[in-house]
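Visitor: The task is simple: from the sequences and hints, build the whole structure.
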Amino acid sequence: MPLIEIDGQQLEVAAGSTVMDAAQRAGIYIPHFCYHKKLSIAANCRMCLVEVEKAPKPLPACATPVTDGMQVSTRSAKAITAQKGVMEFLLINHPLDCPICDQGGECQLQDLAVGYGESASRYQEPKRVVKDKDLGPLISTDMTRCIHCSRCVRFGQEIAGLMELGMPGRGEHTEVMPFLETQVSHELSGNVIDLCPVGALTSKPFRFSARPWELSRRRAVSPHDGLGANLALHVMQNRVLRATPVDNEAINECWLADRDRFSYQALTAEDRLTRPLVREGERWIEVDWRKALAQAAGALKVIRETHGAEAIGFLTSPQQTVEEHYLFARLAQGLGCENLDHRIDQADCPNLPGAPWLGMSIAELGELDRVLLIGSTLRKEQPLIAQRLRQAVKRGAQLNVVHAADDDLLCKVAHKLITRPSGLARALAEIARALAEAGRDLGAAAAAVAAVAVSDAARAIAASLLSGERKAVLLGAVARQHPHRTDLHRLAQAIAAASGASLGMLVDSADAVGAAVVGCLPGPRGLGAAAMVAQPRKAYVLLGIEPYLDAQDAAGMRRALQASELVIALSAFKGAAQHYAHVILPVAAFAETDGAFVNMEGRVQDFRAAVKPAGEARPAWKVLRVLGNLLDLDGFDYDTAEAVRRAALPEAEASVRARLDNSPAAGELRLPAAADGLERLGETPIYQGDMLARRAPALQATRDSENAKLCWARGDLIERLGLTEGQPVRIVQEGGESVMKLGRDDRLADGVVRVAGAHPLSSKLGPRYGAARLEKM
Amino acid sequence: MSLNVANHKVCSWTQDYDQPASLATYTAHGGYEALRKILAEKTPAEDIIAQVKTSALRGRGGAGFPTGLKWSFMPRGYAGDKYIVCNTDEGEPGTFKDRDILLYNPHQLIEGMLIAGYTLGAKAGYNYIHGEIFEQYESWQQALEEARAAGFLGRNILGSGWDFDLFAHHGYGAYICGEETALLESIEGKKGQPRFKPPFPASFGLYGKPTTINNTETLASIPWIMRFGGQAFLELGKPNNGGSKLFSVSGHVNRPGNYEVRLGTPFAELLDMAGGVRAGHRLKAVIPGGSSAPVLTAEAMMACTLDFDSIAKAGSMLGSGAVIVMDDSVCMVKALERLSYFYFEESCGQCTPCREGTGWLYRIVHRIEHGQGRPEDLDELLRIGRNIGGNTICALGEAAVGPVASFVKHFRQEFEYHIENKRCMVGH
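Chain order of the listed sequences is R and F. Just so you know, numbering that gives the first Met the number 0 puts 630 at position 631 of the first sequence, and the rest follows in order with no gaps. Just so you know, numbering that gives the first Met the number 0 puts 156 at position 157 of the second sequence, and the rest follows in order with no gaps.
Everything labelled a hint here was simulated from the structure, so no lab data went into it. Heads up, some of the hints might be wrong.
Sample of chain F residues with no beta-carbon within 10 Å of chain R, all distances over it, derived [as the list claims (entries may be wrong)]:
1. 42
2. 48
3. 161
4. 186
5. 251
6. 345
7. 362
8. 381
9. 389
10. 412
Computed Cβ-Cβ distance ranges for the label pairs, DEER-style [as the list claims (entries may be wrong)]:
11. 122(F) to 718(R): 46 to 54 Å
12. 466(R) to 49(F): 42 to 50 Å
13. 724(R) to 337(F): 54 to 62 Å
14. 172(F) to 124(R): 25 to 33 Å
15. 49(F) to 126(R): 51 to 59 Å
16. 83(R) to 373(F): 19 to 27 Å
17. 215(R) to 172(F): 50 to 58 Å
Glycine included, C-beta positions come from ideal geometry on N, C-alpha and C.
Guide: Take a look at the structure:
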């Protein structure tokens, strides 16, 4: 290892590292703007110029590789002169608008100008003005402030995989801009706000709402997907005003998805519930907590006494905290009810031997050599997981895809099988069969796939999985929500076992693993979520869900709730609750409660409330605790969320690890037949996954949200049915119908209509992956 | 006179014939003989590089880097593809020599590139041609077709079993694409802006493969060297400055144009060849090597011989051999304003000192020229120049500073007069 000297400090550094790396190791700060640890080296800002012995000119620390015996001075007269010279150039055309700049107070240029700038400018010529750009609802621009470091451009090219920003123009006319006056639409686009070292790109929702020094930063864990991105909530006067990432290499690195960044807006949504509500006839009355809780407990007791505990259904969202999941399960069990589930968007809710999980650490995803991705609209399910896999592909991994749509993953896909949802199992069977033909043992799955004819694509995927060292077979949200879930799971397991790959579930909710670990699942005689819809209950207790949106079969759920005698809804938002509920208990939303999530890799991440709950809302764990007491159940005397967590996970993360298991449900693999006719592909759109995202105006203004409002079909299908792109079309499913505008997407599999689930426009439709018809209006 | 050891015209000799660009003219005078010999004898690459080193051929594009040394940087045992690239992005104000090679002697360049490709183990060669010259692009394309038809390019060249091909790439006229790594980016279809170095093109060049980039005149000199030997080439010039060189003489002379003379020839002789300074005027200043080279006063220039070392000693550069002659009618402030505008306009904008500094320089000079100069401006120009020079990714920053610093240094009085009197010292 080369031995070098920086500012008199001797240190050994790894060969191939740069002077910047070495300085960081030595704890020496070298000023910089364009350098960023996750991006390629541009060396264009020139702020990190340092003096290197024997070099005739100052050298950029970020781009200069270390050599043995190198002597570097970062603070010598020559280095400082160069750095100050660069700072002067950066400032001559930079506007002096710090007092009205959102970046003021947390601006790299402002900070470094204190150290390297002069108090007055010697520049006497006219200053440059650059036209601002419309980058969409998330990112605000003040392009005159741009210092052309190109971080935002490199982010698009290297991390997001989509170059939505470029730097056309030459010399002084160089400008960062989106191409052809389009806006920025990538699901990770908000990261350029953090990357921008000046106030050129700032948060549009946050614009002019506070100065950084007025904000207190509170740590939180993002509730939107299975990653559990670490973030800081910036709070002023009990209001969350923005969210920024907190570095955690093991989880979100230094990034956030736009969903993690902007969903805080929902905390002040108009339909926040701030007082308990009870229905009296057709009227809703605001009551105090004592009365509301007494009424809820009393009504539950009546149902249990008249119809038995099995007449009640307990449904929770997988995005609640692990403490809430634990108490919710205890409440159901305490009442003797086994109808309990957190898998509300699943068509097939099997009894599994353990808690499904990623099967490896999140960081390991980036190190994979071979991947088979099954039934996943990954970029929109978990944007940062897609990013990890993109980095793996850049390093040479082969990504293979089995899905119902050939969506652009913004990286190279080695081989793919694109088929209608009901054909996914057959596609996997082909791959399994190809592995058998290559001499691999499929175990119990062998017989079911013995007669399957293998396509070239399936053979290529099998060959890909048989090469490479680190491999994974990953099941996504479409596979999880799919009516053939169990068979897809069994096939995936057979493929993984036969190819030596690890089997993983791309768990897409904040605490789905936690919910499974603490038992938010049906008991041996109980009903799962889908069965509670198919076999309506007399009463439902709902925690944190919007049933008409979250359910797998929205129309079925609507019928079940309307036919019931009692619905108790614990929710932070009113939504449609007044249509189906009888008692509405306002609970704290994300950021308003203490708790923990167990993420997809089984990591327990706890957090504190960042703000007080809105109005009289109370953290759900406290509400459940009191309900338990009122129902005279044992073991509901907890004073803190930590105490609940200790009861839920007595050995903390070890309690989770002991339950992680990706084995499929017991039983034989049956290869389901593919259906005829049109099928719906009803994924949850990226900004419809939970109550928060649905209520964040900025997210709802994005192109992704616009796309979710359309019914998508392939051009040949549109032509065959005599329909017109851009015109309204009627979607008919058993149990419901809906009208949406028709869009064209030739990447869909044959026979597929993509109509988003979890969406107000489709909330009267039936199963998300069921048969569907399109009719001309 | 033909291609001949006694003829000092290495690159421009075909212009003495009727159809200078034709394959027939070139082969009739020994063209492609050097290549034929190398392929027949399978001359080892080391021997060729040794000849080039002996010849003291130095890069004709401006930097004057020894060509043999540059060639020796290419990795030998490298398993993948390698490339040879010819830099005909002749955009420096005052320079117009390489276009004449394409127009009048394209085959000598083709042969030079073939020999370079053979020596360096390249898979293919590209000639990056400046975007503002069209006739020359056509001429070179036509020559490629002729050479291909005659078996000098393509598969199994001259029956040797060696495959090699050449392609032309027409640029769009950006000066910065003459910088070798910006040129590579441009060939790759990217925005033409320089890469930072290291890595150098010899290890990470075109498409990330080892690449050697030479100027047009440099490559066109290779056949002569291989035909008559490195020593003969060296003897055309003087030690460390081998060969002859094309000089593009422009400005206030009676016969502007390209003149090929032996390196070491006194400047006065070149000035005579170009017909001398216009009648009734005196020589005032000369930019000896293209607009980036510092200006020299008439006295300093008249004492120089035309070679890298002599001009460097006088405080400027031989550069690309573009000799810009200015007589006593020239206002040096106006001249500098024009030059500064060029660099301001052509800065690629990638790195801070050049993007911001070239505009600053231009605006100050512009103010002085327009009667709004301030006494402190001259020192300010020099200070800004020092902050640009050496701090940029490529040499354009220094190229922009060269004229400013030298104009102010040699003609400070004229600038001061302009500032004080808000008008020109030179009456016209």
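Visitor: Which numbered hints are broken by the structure, listed smallest first?
Guide: The structure conflicts with hints 6, 7, 9, although it agrees with all the remaining ones.
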